[in-house]
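There are 2 protein chains.
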Amino acid sequence: MKSARKSTATKTAKGEQTKALILNTALEMLHERGYENTTMRAIAEKAGVSLGNAYHYFGSKDHLIQAFYHRVNEDHLRASQPALQKESSLKARLLSVMRLKIDTLEPYHEFAGVLFQTAADPHSPLNPFAHASAPVRRDSMQLFKDLVAGSKARIPDDLREELPHLLWLYHMGIILFWIHDPSRKRTRTYRLIDQTVDLLDKLISLASNPLMRPVRKKALKMVVDLRDLEVEEAED
Amino acid sequence: MKSARKSTATKTAKGEQTKALILNTALEMLHERGYENTTMRAIAEKAGVSLGNAYHYFGSKDHLIQAFYHRVNEDHLRASQPALQKESSLKARLLSVMRLKIDTLEPYHEFAGVLFQTAADPHSPLNPFAHASAPVRRDSMQLFKDLVAGSKARIPDDLREELPHLLWLYHMGIILFWIHDPSRKRTRTYRLIDQTVDLLDKLISLASNPLMRPVRKKALKMVVDLRDLEVEEAED
DNA sequence: TTGCACTTTTGAACAGGTTCAAGAAATGTC
DNA sequence: GACATTTCTTGAACCTGTTCAAAAGTGCAA
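Read top to bottom, the protein sequences are chains A and B. Counting in our numbering, the first sequence runs from 1 upward without gaps. Counting in our numbering, the second sequence runs from 1 upward without gaps.
Some hints could be false.
As the list makes no split between identical chains, a pair holds if one copy fits it or if it spans any two.
Here are the simulated DSSO-like pairs of lysine-lysine, each with C-alpha atoms no more than 30 Å apart in a straight line [said to hold, decoys possible]:
1) 86 / 152
2) 19 / 145
3) 217 / 19
4) 185 / 218
5) 221 / 185
6) 202 / 221
7) 46 / 14
8) 185 / 217
9) 185 / 91
10) 152 / 91
11) 202 / 145
12) 218 / 86
13) 14 / 61
14) 202 / 217
15) 145 / 14
16) 46 / 19
17) 221 / 19
18) 11 / 61
19) 218 / 91
20) 152 / 218
No lab work stands behind these hints: they were computed from the structure. Source: prediction; values computed, not measured.
Hey, can you work out the whole structure from these sequences and the hints?
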């Protein structure tokens, strides 16, 4: 379960085809049977290729999972567009985006643990701070940038600039909660979203108050540090 | 890497002895060689017992890791006592405890990722919210209770009651950062601690202001929800 | 002492992720 | 078209976590 090998880039039309075949088969099986029951051997067999061939295109099972996560992320992006068109207040936009995130993720709750399990390991390609997942992270980060940029709230520039990162971090926290949420239909998570979004909205207003400038500056300095860390790791 | 089996309780003096032998050997090897290179076979061999025997006492490799984490936690507790005796302000107490936490964890930075990797999976016994790690969690939670109780800060009762949980959560966040911190001697993490502790102290003062009561109530309601989730899971 | 119920211990077997050397196919070059 | 090079594909082999049935040991009651 180590393997640093990257997914191999295809050099041939046929290779491209095979890679896509393996990936699609894998995604399908992951969806249908969950993580544990989707073995590399099973994927290879169902796709009609050899085990080694699967490993030629995807350096590890994690890489397949990453592809899976990428797809879920695309779904969320697409699902969020209407709300971002319609809503204009920061609060409403954030609420929609967060709820839709959970909606999108829900079918995979059962094996989401495994999904984020790997995410905590700095060496894992699934780690959301790591290089390998940079595209996925950039996409989801972009969503929060759009979310902030398109809102008509009056927010100081310094805060506005860092807000997307803060919200992204917040959204990771919610997902962590969701993973551990045993309630039916994940009602707790939705409730938590409602409450935290409300709270965040209040806090943002509060932080936008000129009187809060010193505290805000201090907090933002800290956030920038956090962000730098992400970037650094993304480089290596 | 599944296994729900618990560690078996020993029924005999000899069993007790064997269990301790295996555990000590495992901890030693984990410390010396890290996670990947410490295989169950290697532990069993070095301890001079059979592979199956190791599994008789520890249901999985994770259980061994948990024991490891437990020991580190004890070290931290012990290391924190002097500071908790000496310091009286909340800020100073928190700062000491957090810095000592990182000090204690530092020797294991290399494989800490794996350690907390498993922690993200709800099914894992290492998951800090799960039943299996309840003792460890209770211990580290107790530390933060002491931390708050022994401080002479003027804090509203409602906040004071939830503060230990909040600080525990905060401390988990810092550890997450630390895991990903590539800086030499983890200077970034220490800096982040300095900054966040300072900020937290300010926020606590702020939240203690009577004017903040409505926002505070709202925030605390949310925290209680979080805490309930932990408890619930700890039950099953 | 013998027999019984238990705990402890063993090692073989299994499963699944991963590696690798080598053959087959495709592509490019002259 | 023939050869060289690169890419694709294969399947066996390896490693490690985990399971399990059975052997060995232990203590205690009759």
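Okay, the hints, checked on the actual structure:
Proximity of residue 86 to residue 152 under the C-alpha cut-off of 30 Å is restricted to the intra-copy arrangement: shortest distance 12 Å within a copy versus 50 Å between copies. Proximity of residue 19 to residue 145 under the C-alpha cut-off of 30 Å is found in neither arrangement, the shortest distances being 33 Å within a copy and 54 Å between copies. For the identical chains of this complex, residue 217 and residue 19 are neighbours neither inside a copy (48 Å) nor across copies (53 Å), given an alpha-carbon limit of 30 Å. In this assembly of identical chains, residue 185 and residue 218 lie within 30 Å of each other by CA distance solely across copies; the values are 24 Å between and 39 Å within a copy.
Taking identical chains as interchangeable, the C-alpha atoms of residue 221 and residue 185 lie at most 30 Å apart only when they sit on different chains, with a minimum of 21 Å there against 38 Å within one chain. In the homo-oligomer, the alpha carbons of residue 202 and residue 221 lie at most 30 Å apart both inside one protomer (21 Å) and across protomers (15 Å), since each shortest distance falls under that limit. Taking CA atoms no more than 30 Å apart as the test, residue 46 paired with residue 14 passes inside one copy only; the shortest distance there is 18 Å, against 50 Å between copies. For the identical chains of this complex, residue 185 and residue 217 are inter-copy neighbours only, at 27 Å across copies versus 40 Å inside a copy, given an alpha-carbon limit of 30 Å.
For the homomeric pair residue 185 and residue 91, the shortest alpha-carbon distance inside one copy (23 Å) is at most 30 Å, but the shortest distance between copies (40 Å) is not. In this homomeric assembly, residue 152 and residue 91 come within 30 Å of each other (Cα to Cα) only inside a single copy, at 10 Å, whereas the closest approach across copies is 37 Å. Taking identical chains as interchangeable, the C-alpha atoms of residue 202 and residue 145 lie at most 30 Å apart whether they share a chain (19 Å) or sit on different chains (28 Å). Taking the closest pair of Cα atoms, residue 218 and residue 86 come within 30 Å of each other only across two copies (28 Å); inside a single copy the shortest separation is 34 Å, beyond that limit.
In this homomeric assembly, residue 14 and residue 61 come within 30 Å of each other (Cα to Cα) only inside a single copy, at 22 Å, whereas the closest approach across copies is 42 Å. Proximity of residue 202 to residue 217 under the C-alpha cut-off of 30 Å is found in both arrangements, the shortest distances being 18 Å within a copy and 13 Å between copies. Taking the closest pair of Cα atoms, residue 145 and residue 14 never come within 30 Å of each other, the shortest separation being 38 Å inside a single copy and 62 Å across copies. Taking the shortest Cα distances, residue 46 and residue 19 sit within 30 Å of each other inside one copy (14 Å), while across copies they are farther apart (44 Å).
For the homomeric pair residue 221 and residue 19, neither the shortest alpha-carbon distance inside one copy (44 Å) nor that between copies (49 Å) is at most 30 Å. In the homo-oligomer, the alpha carbons of residue 11 and residue 61 lie at most 30 Å apart inside one protomer (22 Å), although the nearest pairing across protomers, at 41 Å, exceeds that limit. With identical chains, the CA atoms of residue 218 and residue 91 are at most 30 Å apart both within one copy (24 Å) and between copies (16 Å). Taking CA atoms no more than 30 Å apart as the test, residue 152 paired with residue 218 passes in both settings, with 25 Å inside one copy and 25 Å between copies.
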